[in-house]
Amino acid sequence: MNRRDFLKLSSVSLAGAFLMGLFGRRKAWSAGPVPDLVEVTGGTPRERVAAAFKALGGIKKFVPTGSTVVVKPNIAWARNPEQGADTDPQIVAEVVTACRQAGAKRVVVMDHTCDKAQLTYPQSGIEAAARAAGAEVLHADQKDAYREVAIPKGKALTSALVLKEVLDCDVLINLPVVKVHGSSRVTLGMKNWMGVVWDRGALHRSDLHQAIVDISTVVKPRLVLLDATRILTSRGPKGPGDLTVLNQLVAGTDPVAADAYGARILGFNPQEIGHIRLAGEAGLGKSNLDALKVQKIKLG
Amino acid sequence: MKAKRFWLRLLCQAVSLGLFFWLAWATRYPLRLKGWGSLYFHLDPFLGLGASLAALRPVLQFWPALLLLALTFIWGRFFCWYLCPMGAAMDLSYWLLGRRFWPLKLRVAGRPAVQTGFLLVFLLLALFGFSGVGQRFDPLAISLGAMLSRPGLLVGLLILIISLVFPRFWCFTICPLGGLLEWTRRLGRRLRRRDPAFAGGLTRRQFLGIMTAGVAAAAGLRLKEGGGQPGPRLLRPPGALPESELRSACVRCGECLKVCPAKCLKPAGLESGLSGLAVPHFTPREAPCELCFLCGRVCPSGAIQPTDHGQFKIGTARIDRNRCIAWAEGKLCLICMEYCPVAAIDADGRMRPHVTPDTCVGCGACEKNCPVSGAAAIVVFREGERRGRRLGFSRGRPG
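So the sequence lines, in the order shown, correspond to chains H and D.
Per my numbering: the first sequence = residues 241 to 540.
Per my numbering: the second sequence = residues 805 to 1203.
These aren't lab readings, by the way, just hints derived from the structure by calculation.
Be a bit skeptical, because a hint or two may be false.
What the hints assert, rightly or not - Each computed DMTMM-like pair below joins lysine to aspartate or glutamate, with the alpha-carbon atoms no more than 25 Å apart:
(1) K1135/D - E521/H
(2) K345/H - E376/H
(3) K1067/D - D381/H
This is chain D alone, in the form it adopts within the complex (with noise of 0.2 Å):
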């Protein structure tokens, strides 16, 4: 009976993972999936919590997370075991490789006092703005990162090897998904009477202890942020909400940068805050946007608006005529012009590049292609952006 149980679980967890990494494959241009791409994101409370928090109301495209949730209620963690992408990567990875030097029977490696201590500095840290920290370590936006970068690939694989070692160590030690699943399996068994109380592995003197420091943290944090004012070249995807709507809504789970035909999206760094913790951006002399609007149909949270040609304005194109070949030097170029895809740039009696500001959308094809070597003639700025319509509570369009 436990060995049919044990193929059974491993079968679940092999097409699950299969399924999960076919769904992120198909996420590419051109996009044939109708929305069912994100499934496994909408499916994430904790990403679906922290953007709550962040936002300070209800971000209704991740109801699924709620049936979870309630399934967990009563069936316990049967996603870690079942469903994650990154369970079923590390258990089989383990079967296939560690069992050969440890037995069979999976040694859990967990402290659920350090897991609540993560879930909750994670929590704080959302509420007060900062949900990219905690969502960074959300198994199923590390599993797509895998796909995404050689870091992230990097990041995947070492979890894998560490859990041949210390099987479903993450699980049990650090994943905030884990964590918040493991909570609610809990409060589950208490309301049913089987167990008693649980606090998460904390005593009440850690447990006030963290949430002080955290909430000191956050807060202090927050201050020393102030508005978080993007820079003027901070250049969002065509569709995303306003700036503070954006950075509270954004996942960070990976979707816009995997389907961006033009590979021109990046998580960001520090360099707009902490609060801009890797939400997506763009710089157009790397890669401009194609103006493919794909961000915004995979956006599982609406971050990223689906949007259209008239509806958006990423910013302007200004040209910088000392440095521009043909204002400069006379040279017969145009290749802004040439480039343009929205026809926003003409030429004068002397074939030298002008801008019409409101036709311009902020692609950047001109600045991409700009023959000056170095930094371009002809530089995209945030100036005049028109971002995507607000978070709505009636806007939801999961699955």
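Here chain H stands alone, though its shape is the one from the complex (with noise of 0.2 Å):
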């Protein structure tokens, strides 16, 4: 190599560099730090979902191409989308459908349901919006769908039957929609992973609130979107009951946030809620809403 061939790769080199570490800067510069969440109100069920993953850095930030998803509704109960008691099913479809956009090469959609699947599925319109999206909706009312996984920090359990769909995915996004519960008092995030569960009635037996942080410390999720579409304000979880429309989404990263947030929406103070309250002690996130950056999206 002479000294002019030199000069040019250097220089080459140096401007590309330059360029490049310019550019990046540009780009993290423009997208602002990402907040703890987000809350999205107004417009379609797409163009929620749309604004939602953007203020996060966008969808391809969690979903890789040829990754597995598994997207876990509250499909639990056989109502109508319009009682307010499952996720709605256009929330889940458009779900789907940014998932299998930014490249997913499956898209899960299961749920351990209260009532039977066969009922469920169909009449929560979650079933034929979530396989018109590209998902594979699958049922979990067999054993051998689960796997016995140990819980080590677990205070009220020890082991729990999960879904294997779920602890083999490379992906968990957390759908639940928001409503009043009889006995955990809401129903959000954490306490839908009850529908991952084989034996629910076990959390019931030992002490429900812990239970449920107990299976939040093995399962895991990637994202948590809170569906405030319509939240049932009374005769939760089933209903039928008192509903208000909100045409909400919330979204984060922090289960514990996210269930925190989703408590206020339904005029409770999160600490006052038993499984909120012991996750955020827990470790297993913040649920000190003062203590949270949340962005606020006002959709037309």
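Put the two chains together into one complex; each comes in its own frame, and the hints tell you how they fit.
Spelled out as structure tokens, the structure:
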């Protein structure tokens, strides 16, 4: 290599490095710091989901190409979408679509339902909507779909049978509906994990709030999206009860922060809700709402 | 000509068999068939006659069966040869398997005297309220039964296998529907003066013997059974008629068992007496009623009436406070409240469940999901039940 070549190469490399650095910095700068939670209000389900992902830094950040995604909505009850007992089917479909567009290989939608899955999947509208969006809709009512996992940090439970799809997936997205609950007071993200375990009764027989936290120490979502399209404010979880239409979606990566925020939507102080307080104390996330950075987006 | 007739018949049978099982398959949640699902059962004069004898009034839902009788009067047992799904299954399996070992010509194996005897006994039993006994031998019910349970399938297969050796033995020796149609056919031929008088192959002595023994046995069973008081936990599907009318109107066809999405309805054994044999009931701890009301929509006889929310009550849930973990141990449970589809369970300040009896419909979702091991701590009793309306003359709803 002579001097001319050396200078040429080094100057081109330097310029390239400088440009790359500038570009990279500009990108980080334009996106701004990512908030703890995003609250999107109004718009269509598609717009809400798109806005939430964008504010969190884009879905590609969470769903790599070729990955297997499990979307866990609440499909517990044989109720119509308008009754607010299950996650809104359009929100589920939009999340599935977004994952597919991000290049996910498989998107699985499933729930260990309370009423028979044969009834809840069609009646909630989720089966048809998710399937049309390109998801694999699987039933979770057979014991062989579960695998036993140890819960080393468990205080009420030492082990549990958890859905294999949930344990083995690359990306787990928790997509509960926001509603009140007769025994756990609210049912949001962490309570939604009762739909990935086989023996729900065991959670009640031990200590419900602690058991929910114990499950949350082993089942960890990449993303939590709280569907507050309509919220059930009485006679939860099954209803029929009072409904408020909010057209809201709350998104974040911290499962405890999301639940704390959801509890406040329902009018509770999050610290009053046993499993949210205990999860905060166990270090699973931030339960103190004042310490959270929440980006609020209003759509037309 | 004969060969042509043979192929035509085989084709008819294949189509009818396919139709029967397609209708049976389509009798499922969510029900899209508008009442045509139980077409075959409406055509069955034996089921209709049994129900009418047991109820001591004509069960008009079976009027299409009169049509079948009239045609049998003219054409003979065309139903058995061309339409009956069980006969079709026999002939088709004989044609596929049996004829390799036996000649193509069907040698019908029949004992008319035995068949007449069976039919007489079944009808006498029906008259005394035990219509379920004969109805268990109905070929349509057996055919549907083959789709319902493993024992039902075994019974069907057994009959098919025997028929490979003794073709149509069932139809000419046992089948009560075949017996009834045979009588009709013979009567038609007699009135057209083509046949001498037909006594069903029985001598007068045999006939009188069967009648006397049959009446004595049926009356004895009736006396033994008394009023047939159902137990406190005998839960009937929503819209079921009052108990005694239910038992006589039910034809044990299995349509309700087939359509039930919860698979909760089961045919009773002898626990509710011989008159309650094979009448549908459910045990919530095994599977609760999902309140879809499809059983009332498919029932061909009106034994289960079409019903809806607010028109029925299966029973009432009661809490055993000594075993309930919220009451006895102060645990945070309330699963019963969570699952209750009609909001009949409330929690008090100490998070203990209470049932509102007037709101509870007795579906048993609470009993099924109670986390207490073994028997549930909340259990549905027949107490407070509200049954379907009485069987009316004008409420025929066939087809």
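Consistency of the hints with the structure:
For a cut-off of 25 Å, the pair hint linking K1135/D to E521/H stands: about 22 Å separates their Cα positions. Under the criterion of a C-alpha separation no larger than 25 Å, the hint pairing K345/H with E376/H is consistent with the structure, at around 11 Å. Between K1067/D and D381/H the alpha-carbon distance is near 15 Å, which keeps this suggested pair within the 25 Å criterion.
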